[in-house]
Every structure is written in structure tokens, then in C-alpha cells.
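Trainee: Each protein sequence line maps, in turn, to chains A, Y and W.
Heads up: the first sequence begins at 148 in our numbering, then just goes up one per residue.
Heads up: the second sequence begins at 223 in our numbering, then just goes up one per residue.
Heads up: the third sequence begins at 195 in our numbering, then just goes up one per residue.
Derived from the structure by calculation, the hints contain no laboratory data.
Errors might be hidden in some of the hints.
To be verified - Heads up, simulated SDA-like pairs for lysine to any residue below, C-alpha to C-alpha not over 25 Å straight-line: (1) Y:Lys-358 <-> Y:Ala-348; (2) A:Lys-248 <-> W:Glu-391; (3) Y:Lys-336 <-> W:Glu-391; (4) Y:Lys-256 <-> Y:Arg-234.
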Amino acid sequence: MRPRIGERLWAWAVWTLVGFFVLNLLAMIGSVVVNSFGTRWFNTWLPAGYTSQWYTLAWNEFQLPDILLVTAEVVGAVVLISGAIGVPAAYAMARRNFPGKQAVMFLFLLPLLVPPITYGIPMATVLYQAHLAGTIWGVILANLVPTVPFVILIMIPFVEQIDPRVEAAARVFGAGLARLFLQVLVPLLTPGILAALLLVLVRTIAMFELTFLTSGPTSQTLVVALYYAVFAAGVRPGQSIDAMAVVYMITTLVWLLIALRFVNPTQIVTRAKRQ
Amino acid sequence: MAVASRDFRELRLEQISRDFGQFHALRDVSLTVKRGEFVALLGPSGCGKSTALNCIAGLLQVTGGAIYLDDQRLDELGPEDRGFGMVFQNYALFPHMSVRRNVGFGLVTQRRPKPEITRRVDEALALVRLETQADKLPGQLSGGQQQRVAIARAIVVAPPLVLMDEPLSNLDAKLRLEMRAEIRRIHTMLGCSTIYVTHDQEEALSLADRILVMIDGQTRQIGTPEELYARPASADVAEFMGYRNLFSSATEAADGGIAVSIGGARLIGTPVGAVAARATVAIRPDDLRLTGDGPIAATVEIAEYHGRDFYAVARMADGTELYFRSDTRIASGDAVRLDAAPARVLVYAA
Amino acid sequence: MSAARLPLRRRLREYGLDSVTLLIIPAALFVLALFIYPFLYGLVLSFHPKAGGWLANYTKFFADPFLYDTIRITLVIAVPVTVLNVVLSVPVALRVRLLRNQRLLTTILVIPITLGTVMVAEGLLTYLGPRGWLNRTLLEFGLVDSPVRLVHNYWGVMLSLVITGFPFTFLLTLSYVTGIDPALEQAGAVLGARPRERFRRILLPLLAPGLAITLALAFVQAFTVFPSAILLGAPAGPTRVISIVAYQAAFEQYDYSMASAIAMLMAAVQLLIITLLLAARTLVFRGPVSTGKG
Numbered sequence: 148m149r150p151r152i153g154e155r156l157w158a159w160a161v162w163t164l165v166g167f168f169v170l171n172l173l174a175m176i177g178s179v180v181v182n183s184f185g186t187r188w189f190n191t192w193l194p195a196g197y198t199s200q201w202y203t204l205a206w207n208e209f210q211l212p213d214i215l216l217v218t219a220e221v222v223g224a225v226v227l228i229s230g231a232i233g234v235p236a237a238y239a240m241a242r243r244n245f246p247g248k249q250a251v252m253f254l255f256l257l258p259l260l261v262p263p264i265t266y267g268i269p270m271a272t273v274l275y276q277a278h279l280a281g282t283i284w285g286v287i288l289a290n291l292v293p294t295v296p297f298v299i300l301i302m303i304p305f306v307e308q309i310d311p312r313v314e315a316a317a318r319v320f321g322a323g324l325a326r327l328f329l330q331v332l333v334p335l336l337t338p339g340i341l342a343a344l345l346l347v348l349v350r351t352i353a354m355f356e357l358t359f360l361t362s363g364p365t366s367q368t369l370v371v372a373l374y375y376a377v378f379a380a381g382v383r384p385g386q387s388i389d390a391m392a393v394v395y396m397i398t399t400l401v402w403l404l405i406a407l408r409f410v411n412p413t414q415i416v417t418r419a420k421r422q
Numbered sequence: 223m224a225v226a227s228r229d230f231r232e233l234r235l236e237q238i239s240r241d242f243g244q245f246h247a248l249r250d251v252s253l254t255v256k257r258g259e260f261v262a263l264l265g266p267s268g269c270g271k272s273t274a275l276n277c278i279a280g281l282l283q284v285t286g287g288a289i290y291l292d293d294q295r296l297d298e299l300g301p302e303d304r305g306f307g308m309v310f311q312n313y314a315l316f317p318h319m320s321v322r323r324n325v326g327f328g329l330v331t332q333r334r335p336k337p338e339i340t341r342r343v344d345e346a347l348a349l350v351r352l353e354t355q356a357d358k359l360p361g362q363l364s365g366g367q368q369q370r371v372a373i374a375r376a377i378v379v380a381p382p383l384v385l386m387d388e389p390l391s392n393l394d395a396k397l398r399l400e401m402r403a404e405i406r407r408i409h410t411m412l413g414c415s416t417i418y419v420t421h422d423q424e425e426a427l428s429l430a431d432r433i434l435v436m437i438d439g440q441t442r443q444i445g446t447p448e449e450l451y452a453r454p455a456s457a458d459v460a461e462f463m464g465y466r467n468l469f470s471s472a473t474e475a476a477d478g479g480i481a482v483s484i485g486g487a488r489l490i491g492t493p494v495g496a497v498a499a500r501a502t503v504a505i506r507p508d509d510l511r512l513t514g515d516g517p518i519a520a521t522v523e524i525a526e527y528h529g530r531d532f533y534a535v536a537r538m539a540d541g542t543e544l545y546f547r548s549d550t551r552i553a554s555g556d557a558v559r560l561d562a563a564p565a566r567v568l569v570y571a572a
Numbered sequence: 195m196s197a198a199r200l201p202l203r204r205r206l207r208e209y210g211l212d213s214v215t216l217l218i219i220p221a222a223l224f225v226l227a228l229f230i231y232p233f234l235y236g237l238v239l240s241f242h243p244k245a246g247g248w249l250a251n252y253t254k255f256f257a258d259p260f261l262y263d264t265i266r267i268t269l270v271i272a273v274p275v276t277v278l279n280v281v282l283s284v285p286v287a288l289r290v291r292l293l294r295n296q297r298l299l300t301t302i303l304v305i306p307i308t309l310g311t312v313m314v315a316e317g318l319l320t321y322l323g324p325r326g327w328l329n330r331t332l333l334e335f336g337l338v339d340s341p342v343r344l345v346h347n348y349w350g351v352m353l354s355l356v357i358t359g360f361p362f363t364f365l366l367t368l369s370y371v372t373g374i375d376p377a378l379e380q381a382g383a384v385l386g387a388r389p390r391e392r393f394r395r396i397l398l399p400l401l402a403p404g405l406a407i408t409l410a411l412a413f414v415q416a417f418t419v420f421p422s423a424i425l426l427g428a429p430a431g432p433t434r435v436i437s438i439v440a441y442q443a444a445f446e447q448y449d450y451s452m453a454s455a456i457a458m459l460m461a462a463v464q465l466l467i468i469t470l471l472l473a474a475r476t477l478v479f480r481g482p483v484s485t486g487k488g
């Protein structure tokens, strides 16, 4: 079938739209990167010269080493805890039918459907009263709210695709629950766990709202520090803010690239499909 | 609007080809389908038969050759302009429409008046015996019923040609036999032409007026079921048509045919085409008969009871494996002697 | 094992309650403690205002145009951008579905989602600013005489929501679109339906449930726009969205009761819109989504 002219025009229009979007997106990222290396950039396509001084400045001025350490601690703790809580729960959700399962499922869906700023404000209030907000543990707890359900929803299909007879066989040969989990299920679920935890990692690095609402001066992650830097723009040279933005972008995108080896990009917005 | 009407003489495929990059899915396939004829495209999976069907339907563009309906060239038209009926492998019923709306879809796109649509949908549903299910959704029907809806949807527009892509492959064995008879009945009743894709030789043999055997994207043989069954044109077609015993053998001229040697035993066979000093010998299991003094001596290894008869695997002294059928009881370990009529020992160029 | 305990265990197991089911408890407790409890706490707190009767927070909100107008301001940003993103996503997803190698495009598009709103805000400040590449291009081609103002106003927030929102709606739509058996459209084509008719009669009804969910999720995200409204918009004026007032109530005026009330109103608007969307969905579409194959 030869496509008709109207159809071809339509296809052309759609691709132009996609191209325009991608072009602007790349230009946006590109201008941040170029600016962060530029000496003076005024009324020209490209800066007058290039330097790495803004990175040194940002490194010292924004206390990047401290912030990166806090970020790593928060992200590490969130990844480990949400895995430890979420994976067993996903296993139980996938394997057992019990009264009220629908309600529990709904309970796990809610924190993913309600946007963080909506529940973040009352949650931050509670955390402040518990004297947890402002500390690193407050930030970790807040970030776990969406990530634990996220791990569960990603892992359920992974568990479902494992033949229950494999577990039955392990039980017949005398494996207890702990042994079953560690020696049979975890190895079989490794790709799924890796995918889920990498996605949690990427999401936690980029999670602004919850961290912003619960962090104090010593518990800021990179994205919150970047917000404050942009918010107070004018105090420091714009190039050093962009240098910090580049550091942030590298931190996120490296992990994104690693994550994409294990998951399909569409899985970042939707739950995993059964393979 | 659809170009095709029911008053046509023939559909012609003239050397149609389809490439996917470097891969030649279909090469120079030619076929003429007369009005009222039932043609099966038969071949192993991946042989290009579904590609051929999709090219005829217009879902794939041919990369070479032409398709004609009488004098009208079709291959440049989109699928919506060809006016054929098609039954898909998974039926492809619209899950959001009732049976009635599914069947009426083709008439609605033709902008037929409402009373006519209702009348013709009712007729089509009656033809496939689904009158009582008209208001259900496809998801509420059994596999066989969905199959009937798919057929009704394809034939309601009175197409000159109905295309069927492995329509029975998703049904269980019993239902498959039932639907096979049903498809033949509907075909005869409507008088349209049908092109039917299948990998099941039995299905093709029982349904079709003519069969086109396709292997590796090429036509290997076109013929009636009888021709294909009794005299496959080449060794690979023979293998596909159920000639399970295939041997490589030296040949020599002999009275009444050509002499071949199977595991050291001498048999007289019939050459198909030119045969040189080495050849491939093909014999159906049914044609290897148990006789007291046959030239082939073998020991039964496996004997399966099939109700009326036995299917057995035997091995000759030199290790050659034989498949044969027996009407009398045999058991593994029995020593047997086998023979085949010269007309049923087909010898092909190696 | 005592004889009395066994039957109870067995009975529980009949209901699917055994030691494996208990593995859900930590996760469920966690969500209850840090999501449900704070939400209910916030709801109760919103009825205990700093001053006045139990409804004082809400009456104050709806009496003060400076407060209640934020709902309108937020809707004026969120509704057009949601509709735009979803409407653009459908044709693009239908086209990309035909692409054999979608991975590169989906990878590029997942970048802005991963970077998040703060980073996109900073990027757009540089890119859309009066000396940014966009304005340079417009000036160079003579399309404008002086730089267009695209930051620190409505358009800045709008564009940031397109940059982060379009990939989200697109990827979501793509996952729904690829879930539709291509044979259905082929069947439509063989039966004489042209592309537009196939879209209207086959694809759109099958996509409708997914599109309703996409619209709902995209709207909720846009409605709670926060960092870009501050960084890229005019947080004192045209982009003073509802999340800004909620944040200010909590962290600038330390009126947690008022902040909770605003958060509850935010949730109420989201719930209202989602309910409307899902109700519309059931009107448009009835029946199973999956194809009826065996």
C-alpha cells in the first residue's frame, strides 16, 4: 500500500514535532553545560572562552562534598530499606490471596498516585512533631513513602513470572521460608530487584518535594541544594550554579544509563510488564 | 470504495516478492485463483505463507511483481480499497464492540443504510449459527464462537475473496475438525474464492481444491491434494507431506523403474524428475508393508498402538531407522520383513 | 505443636493467611504510619485553626481572594498543559509504535523526567532567558525584534511543564498504545476503514481507559507544580499556585493548621477532577480492554 499524500504529511508533521521537542531539550541541557564552562557569555552563540573555575567555585561555595555525602547516605539508605521491606511484601502480594488484598493494594497505590507536595506538607508536620524532620532520618523516612510501594508494584510481576512449582520443589526438599527466600527466590529475582532498586535510586536522587519539605541545613540532598542555589541566583555567578547543575545531571544520568540496561524506559512511568 | 465485486473470473499473483531488508521473505510467487476455488498455502512456519497472504490483503506492500483481479491491478491499492474478507489467526475481533457491531463493521465503513446492515448481519450470523450471541462482547464467547464471529465479519461484505490466516490454530483438536467442516460448508455456500494459510498438511489436504506448497519463500509445488499426496515434486515437499522415511542412496537402472538400496536392501522405485547416480528415496510409513519375504529386514524398536493399527519404528542391521504402519499386532523386539510397491518408492535427485 | 493450635493455623491458611502473608505487614505498617496517618492527622489539624471556629481555615481561604484565587491560577496553568501534553502524545505514540527501534527516542525522552523539575527550571532559565539560545535563534532569523520574555512569567512555568510532562504522558500513552493488538487495526483496514475511521472507531475507544488515567495522572502532576512555579514563574503574581501558598503557610508563617487545610483543598480538587475523568471514561467506554484471544 502506498501511503497517500495526507498520510505522509501527517507523519511528517508528527516527526517534526518530535524533532522540535528533542532539539529544544538537548539545547536546554547543552546551554547549561556550555555556560558552566564559559568565561564570559554575552550576545554571542558561544562564550568568549572556556574555563573550569566554576566547578572549583561551586565545589567550595556550595559545600558540594558535604551535600554529595548526604545525598549518597540518603539514597543508599532509601534503596536498601525499600528493597528490604518492599521485596518480601511484593512476594506475598504476588503469591497469596487473602481477604482485603484489594484494599492493601490500594493502600500501596495511593502514595504513588497522590503527588508528593499534597501529602508532603502534612507528613512534614508529623515528622517535625516527632523531631525527625531536619535530620537525615527524617529525609530518609519521607523518601521511603513513595519508594516502598514503588518497589512492590515493580516486583509483583517479576515474582508472578516465577513458576510456583520451583518453590514447591524447594519446600519438598526441605527448605524453610528463610532458606527459600535467600537461596531460591533472591537469585531468581535478581534482575527484577536490580531494576526496581536502580529506579528507586534514580527517583530518590531527583526527589525534590519530599526532601525539600523535610530536610534541614545538614540534611540537604543535591537536588534541594540546587534549588536553593537557583532560588538565590544573583548571589553567586550563574555559571557556578550551572556547574552545580551539571554535577547533578551527571549524578542522575549515570545511574539512569545503568538502570536502562535492566529496564525499558517506559517502565519508569508505568509498572513493569510481564516479560 | 472497494473495487472488487463478486463477479470476477480470477485473482492472479504475478511473481510477487517481498523483501525485509536483506531477507527475502517471498520470492517470485505466482498463482491464479479461479472464482469459487479453495486454495491452501501450505508450508512450515516462517516459510513466507503469511507474508504472501498479507501481501494479497494489502497489509504488506509487495517489493516486486503484481497482483491482479481480472484486469484491475491491486498491489498499489491499500487494504481498505481491495474489498477482501480476512480471518486473522487470533481472530482480531474488536473487543469493545458487540458481536453484531463486529460483524457489521465492514458494512458501516461502506456507509450502507441501517436496515440493510441489520438484515445482512442477521444473515451472516445465521450462516455461522450465532444468532443467539449477537449482543455479547467477544470476550464472553468461547474460542470456537469467536472464530465464527471472525468468519461472519469477513463474509458479510460479500467479498470476492476470503483470506484465512491459520484460522484453526488456536482451537483444540475436536473443535478444529468441527470448524474445518464449517469453513468448507460456508465456502461452498457462498461461492467465493478462499485462500487459506496453514502449516497443517492434513488441514490443507482435506479443505483445499488446490495446494501451493511454499518453502523458504518460494513455491515448491502447486497441485491438487491427490497430486501432492501421491507425488510430491521434490524431496523437501515429500518430507513436509508426511514421507517420513527419507534415505540417501546410490541408484542403478532396473526393470520397471530404478533400483535403490536402503540399508543394504534392494528396492525398485519410481524416479520423480531427473535422477543421477545418488538420490534421495522417500517412502510414507503407510507404504512400507509387513510381508513374510520382503527385502528389508529390521527389528522393531517402538510400537505404538493407535486404535486400529500400529505405528512402529524399526532399525535395520546397519542402523537405518524405518517408520512403518502395521495392521497386525507387533511388539518391540520383533524381527520383521518389509517391502514397498515400486510406485510408492519415490526417488528424487539428491 | 499443640493440638489446639493446629486447627486455627489451618483455618487461617484457608484464607491465605500464613507466615508468607505476614511479609506484607512491615510495608503496610510503614505506609499507614507515614502516609495515611499524616494525611488523617492533617485533616483533623485543618479543623483546629490557630484562631476561630473549626472551619476558620476554610472560611479564611475562601474569603481571601489572595488565597482562593490560587486555585484558579493553578487550573489556568494545569488544565491547558495537561490537555496539550495528552493531545500531542496520542499521534506521536501512534507513530512511534510503528518504529522498530523506539529505544533511542524513549531514552532521550526519559531524561527530563529523570532530571526533575528543579533541573529543568535551571536549564530553561539559561536556555529561554533573554540571552539564551532560543531568543538568539529567533532574533537571528528575524522572527522577533527584541528578545521574547519566556521566563519569570506564566510561559516559563507552562514550558517547564511541557518539557517534563510531555515525556511522561507520551511514555504512558505509548505503553497503552503498544498494548493494542496491531491485528485489530489491520482487520479494520481490510474491512474498508480508512486511517481516520480506524482511529475513531477502533483505536480511540480502546485507548480511552488508558487516556483517562493518563489525563488524571498528568493533571495531578501539573496541578501540584511547585519548584518551577517559583524558579521559572512569577510566584508573587501570575504563577502563585496553590502549592506555594501551602508551603508558605507551613514554613514561612508556621501555621501548620492552615497549611494542612490548603493541602486538603489541593487533594479535594485533584480528587474532583479525577472522579470526573473516570466517570467520563465509563460513559465513553464499556467492556474489556484486552483482546478476546485464547
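Trainee: Now tell me, hint by hint, if it's right for this structure.
Mentor: Hints and how they fare:
no., hint, verdict
1, Y:Lys-358 <-> Y:Ala-348, "15 Å, holds"
2, A:Lys-248 <-> W:Glu-391, "41 Å, violated"
3, Y:Lys-336 <-> W:Glu-391, "18 Å, holds"
4, Y:Lys-256 <-> Y:Arg-234, "9 Å, holds"
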